[in-house]
Amino acid sequence: MRVNSRFVRTRRGSGKCSWRSSPHDGAEAEENDVKGNWQFLILAFLLAATAWFFVSGRERVDAWIELPVEFTGVQKDIVVRRGLRNKIEVRVRGPQGLVRNLDTRNVAYSLDLSAIRPGMNTVNLDSANLPLPGSIEVIEIDPPRLQVVADRIEEKVVAVIPQWSGELDEHYFLRGNETIPAVTKIRGPKEFVDRIEVIPTQVVTVEDSSPDTLVEDNVSLALPDEISADPHRVQMRLVFDVEKQAVDMKAPVRVDNFSGYDVEVDPAQVNVSLLAPVPLLEDGSLEETVAMNVVVGENLQPGVHELPYVPILPPQVTMESREPETIRVTLTPRPGARPVDNSTRSRSNTNSPTTQGLHTP
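Position one of the sequence shown corresponds to residue 1 (UniProt numbering), numbered consecutively onward.
No false leads were mixed into what you were given.
Distance windows between CB atoms, simulated:
| id | residue 1 | residue 2 | range |
| --- | --- | --- | --- |
| 1 | 37 | 93 | 37 to 47 Å |
| 2 | 205 | 176 | 13 to 23 Å |
| 3 | 87 | 114 | 16 to 26 Å |
Just so you know, the hints here were simulated from the structure itself, not pulled from any lab data. Where is the CB? At the ideal position from N, CA and C, for every residue including glycine.
Based on the sequences and whatever the hints tell you, model everything.
As structure tokens, this is what we get:
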């Protein structure tokens with residue numbers, strides 16, 4: 001401890017002077033000295049902190065940062081098939097404080113692709129394309145270069161092929177198919193386009209095992225990833241059929257009588273040759289659904305008339321031949337009925353056909 005002595009002059013009997021220190025006066029001096037130096041202590045601390053921050057901030061360090069890649073200059077008739085990267089890694093060197101606080105969210109590597117040609121291209125990554133502060137030095141880029149494969153864009157018109165799936169019953173089969181339109185224009189890399197001759201549709205599932213004759217659906221094309229098409233959707237039609245078998249039978253004659261007279265037909269049955277679906281023949285329901293229909297108009301007079309008839313057939317049944325071609329219809333007045341002038345009959349009274357008075361030999 002530093003002691004500041006304060007000397008006091010005293011007298012003694014000899015008349016000589018002697019000097020001594022006062023302990024009380026030294027403690028007071030020490031207290032005043034400490035109070036006067038605390039400002040210098042704070043100043044020294046601030047200077048040391050500033051020096052440390054300055055020295056540490058100027059210390060140069062290396063660090064790896066990840067940057068996105070932006071592509072520019074791509075030609076309209078060129079497509080890059082592979083080799084590009086969305087991000088690269090860059091090793092930088094600079095002041096520790098600046099490197100640590102570097103904000104890379106708005107920093108991207110700009111890659112110029114204007115010199116790309118069809119085939120393999122080597123593209124070197126240049127640090128000059130990195131918008132970094134001047135005090136930061138680019139040491140390394142990973143990867144240093146890109147091997148880019150490009151191809152020329154080509155268009156081509158190709159046929160569209162329908163695709164379908166399903167489990168059909170034994171006697172059913174696909175008779176034909178088509179798409180509307182039947183062709184489409186594809187566009188993509190020349191290497192792919194040159195190999196494509198047809199484009200299939202997406203698969204349409206036919207759930208009914210005994211489908212109707214016509215199945216239609218609007219469906220997309222099954223395109224490779226590198227190919228686009230116009231149009232990319234088509235209307236698909238599937239035409240189904242069923243195995244048929246020839247059969248001869250006698251079909252009954254049915255009469256729609258609008259005349260008001262008794263009707264007699266000859267013959268009462270028509271010999272027909274039909275092509276009928278095998279399932280319809282197997283379940284035995286064909287004869288119940290086949291008939292020949294004759295319409296007797298309201299203007300016919302009593303007597304004998306040769307009238308045509310119309311076949312009534314179930315779906316998917318066709319008539320190959322018939323005998324005879326016409327039906328003989330005989331009209332006779334009903335017993336006790338007053339003569340009817342059909343030329344003046346009101347249509348309102350004859351809207352409904354009748355089979356009343358039908359006679360067959």
